[in-house]
Amino acid sequence: GIGCDPYNKEAIQRIYKIKSRESSKQLPILAFSKKNVEKIVEFDRDSEKIAQKVWPGPLTLILKLTDEKIKSSLNMADKIAVRVPNHQCTLELLKKCELIIGTSANISGTGPFRNPKECYENLHGYDVFLDGGIITSNGESTIIEFEDGELKIHRQGVLTREDILKIL
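In terms of our numbering, the sequence shown opens at residue 11 and continues consecutively.
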């Protein structure tokens with residue numbers, strides 16, 4: 011993936027440039043633990059329950075952002091996508107810095123690069139290249155939000171609606 015400090019506006023703009031991504035499309039925040047996520051967002055009851063069961067894992071939650079500095083650095087309104095990933099290299103990095111902007115290693119509109127060589131050859135403008143090995147996961151995280159207690163799936167990924175409803 012591609013990542014940076016969520017408080018560094020310049021670094022965030024560089025991610026948009028590296029990915030050729032429209033700045034109107036939000037970038038998610040990855041965290042080492044749910045405890046780290048709680049420092050920047052407000053959980054509702056359902057999101058709290060599912061995060062407790064699934065994280066670390068392939069679930070991204072859209073929650074109310076409470077950290078004013080991140081709102082400013084991301085030019086955001088009230089909500090942010092957050093996830094605690096289940097990837098050893100990413101977790102080791104997050105153990106040191108707690109939060110990062112984290113997005114797939116690709117050019118916007120194309121599939122993610124799965125091996126370090128593809129990333130190195132196709133992505134330019136980064137400060138550090140961390141080789142975490144070949145990505146073997148079978149799919150994207152499922153992105154969900156609860157609006158007035160109703161489950162809204164923004165992107166169907168590894169977890170299905172049925173998987174989520176079983177947890178709730």
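In case anyone wonders, no lab produced these hints; they're calculated from the structure.
Keep in mind it's a predicted model, so treat the numbers as computed, not measured.
Cβ atoms here follow ideal geometry from the backbone N, Cα and C, with glycine treated the same way.
Any given hint might turn out to be false.
[As the list claims (entries may be wrong)] The calculated lysine to aspartate or glutamate pairs, modelled on EDC-like cross-linking and capped at a C-alpha distance of 16 Å, are:
#1 Lys74 with Glu58
#2 Lys44 with Glu58
#3 Lys45 with Glu32
#4 Lys59 with Asp77
[Stated by the list, open to error] Between beta-carbon pairs, the in silico distance windows are:
#5 Asp173 with Lys44: 17 to 23 Å
#6 Tyr17 with Glu160: 18 to 24 Å
#7 Glu150 with Lys176: 32 to 38 Å
#8 Glu32 with Lys59: 14 to 20 Å
#9 Leu178 with Gln23: 34 to 40 Å
#10 Glu32 with Gln62: 31 to 37 Å
#11 Leu178 with Val138: 37 to 43 Å
#12 Lys106 with Ser82: 31 to 37 Å
Any hints from earlier that this structure breaks? Give me their numbers in increasing order, please.
3, 4, 6, 7, 8, 12
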